[in-house]
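Put together the whole structure using the sequences plus the hints.
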Amino acid sequence: MLALSKAINRPSVSISAVVFAIWLGVMNFSFLEYLQPLGDMYVGLMQMCVLPFLLATIPLAMRSALTSGTGGKIMARIVIWLIVTIAVVSIIAILVPRTIFSVMPLDQSVSSRIGALFGASADGVDIEMALNPDLAVSTGSQQTSGLLAFIPTNIFAALSSNDSLRVIIFAAIFGAGMVVSERRSGISVFGALKHIQAVCIMIFEWFNLLVPMGIIALVAPPIAHLGPDVYAVLAPFVYAFFATSVLLLILPIIVISLRLRLVPAFVFGRILNPLTLAIATRNALICAPVALETLKDEIGTSPEPCDLFIPMGFAVIRFGNIVHFATATLFIGYLMGRPFSVLDLVLVAALSIMASFATIGVAGVAGLAPITAVLRPFGLSYELALPLLVIVDPIAGMIRAMLNVALNMPIPVLASRRRVAEVAMVAAPAE
Amino acid sequence: MCLNGYFAAASCGFLKWRARSIALRICWLFALALILLGITAAISPSRSQELIQRPKDTEAIIARGTIRVAITKFDLPAFHWHTSNGGLRGPEIELVRRIGRLLKVGVEFIDDCPTFDSVIDAVDSGRADIGVSKLSQSPSRILHVRFSEPYLVLRQAFLFNRATIGTQAGGRPPEDVLRTFNGAIGVIAKSAYVGFAERNFPDAQIVEMQTWEDSIEALVNNRVDVLYRDEFEIRRVLKSNPALNVRFGSAAFTDDKSYLSFAICASCVRLQQFINYQIADNRVPFTLSGLLASQAAN
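Chains as they are written, first to last, in our numbering: chain B, 36 to 466; chain S, 19 to 316.
Mixed in with the good hints, there may be bad ones.
[What the hints assert, rightly or not] Simulated restraints, written as ranges between beta carbons of each label pair:
(1) B:Ala165 - S:Glu235: 29 to 39 Å
(2) B:Ser51 - S:Asp194: 51 to 61 Å
(3) B:Gly159 - S:Glu167: 50 to 60 Å
(4) S:Asp232 - B:Ala404: 35 to 45 Å
(5) S:Glu235 - B:Thr188: 54 to 64 Å
Hints listed in this document are in silico derivations from the structure and should not be mistaken for laboratory results. Each residue gets a CB set at the ideal place from its N, CA and C atoms; glycine is no exception.
Structure, rendered in structure tokens:
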């Protein structure tokens, strides 16, 4: 089964599936609408074991870090490299779109077509408001905000609502408690957790057999649904976001290759598996088991930083959202004729980073709402931005997930001790 | 002979008495007729006075055989418009014609009103019995004419310059700026929105434009920051010119509405009830989505 899973998940198969899915989408075959349920079923299967896997992996990582005595150093290195990576990503996410928008002057026809697209997608007015809000009836429900939103007050509620961040925080605290308890009493359940982790990985490998089908079923319908006209109308945004994303997808390959002294083509081939899974599922956390397996077993990174960082990083550090928000803000400024000074650009980057944290635990179109915090300080219209972003979100969501996975993966590699990955180097010629 | 003479004398006396009695009765009848005539003559001036002073209502319209309807001389797409042959069409016109049919009178359109307020003036002055032209009820208008129940309720709305409002908001939601707007608001002159703007946005500079087209041009050329009208007209502008969506946004007020009604002469109580009944019974009700989708609106 493992051999079959590895054979099916070869880079050539994954790339072929993506290309085939894009071709099907562009051709807009009528049968594509029937593929969506298959895709949803595939995502459901992949999601099934994510939370059990995290509940097993995070306590094991905590134990590993606390017992080895290097946990503090590793955490410090992870934090440093995380900050560096966020800074580099933010700079690229600002400079590339700004350069593209500066060489693509906005003419009246582009503005008209975008306006028509907006008008067709908007069903009503931009803002519905009460002139006298004191008299308006409030129907909003009370929601927890701030740090309280991350505290797993009820772990069972968090599990049942698929609230991965709270589950991760609980698992980290519980894992630390288990390590201390193990030292005091000598009683340990870490063996059982290792078994659970192995079971989860095995189940992931079974479902990995369905990856090509999942890619086709999940990628082709949204491409067909959007149609080529939308990309033509939103060409400036599409070019900027795609160009930035391609550059940022190349970056981790180069970083990992240099750090572990591997051939870039080999690294690309290895990280393609979690990336294609990200394209299909649009959910970085689902890719965590595959990414961990890739980093530890195939590329040869130290397991400790990987186990410590990847689950938390995939859940919390959303590089894709940073890039998306920064690009979208510059695009709306470009549409509305709003120039950006250097200070403005720094502020756009900083606000995009902060807004990305507001998307934690939020999936889909709802995850676009925090962009309002980036747009409004510059007087840019969230009401204009949102419908346009929603239109292209089926595709933008795939790219965001890819960036979330790809840009988190080099951080444990950079934070780990330099290690010659014998397993990986042996495997390299096979490609 | 003597007996014959006696009988002749008696017969002659009876005849005289009889003739006198008949003459007396005729005199009585004549006197009675004179009294009745006098009474009639006495009361007839007050009745005619009453007929003159009695308030105008359906009776007067039916007696005249025509209901006079004031409308704006400019078209209101999707509501009423002039056809190429000079006729009038539109849902408002159809509703008026239906009212005319049910009253069994003809409909005379007085379509020379240059503004919305002049439609109200035409009804107020008695030149027209009713007025219809997307007329909003407003406190000042209610002092001059009656209004029917609304045949359509629309939210009041803004068409605003996104950049201007965004800059003024300075990071706050645009609602905060719009709610207490103090910039230049464009409204159609002599429309209910002049009063609405004065009431709802006392700190704003209200710029009255002759036509809606002038208002849109003023917004596009940055002479005003927002336009104030009903949701239908705001959405119609963006629908008919989608390119404007990039520069201009729309906001509808959930708690301030335009009640579009017939203006009815101040004394026409029964006519008001009659029109209310027809509005309630209207087989083709006015809806925002229906009006926006209608070909006439585009």
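These are the hints, each one checked on the structure:
no.	hint	verdict
1	B:Ala165 - S:Glu235: 29 to 39 Å	30 Å, holds
2	B:Ser51 - S:Asp194: 51 to 61 Å	53 Å, holds
3	B:Gly159 - S:Glu167: 50 to 60 Å	26 Å, violated
4	S:Asp232 - B:Ala404: 35 to 45 Å	38 Å, holds
5	S:Glu235 - B:Thr188: 54 to 64 Å	58 Å, holds
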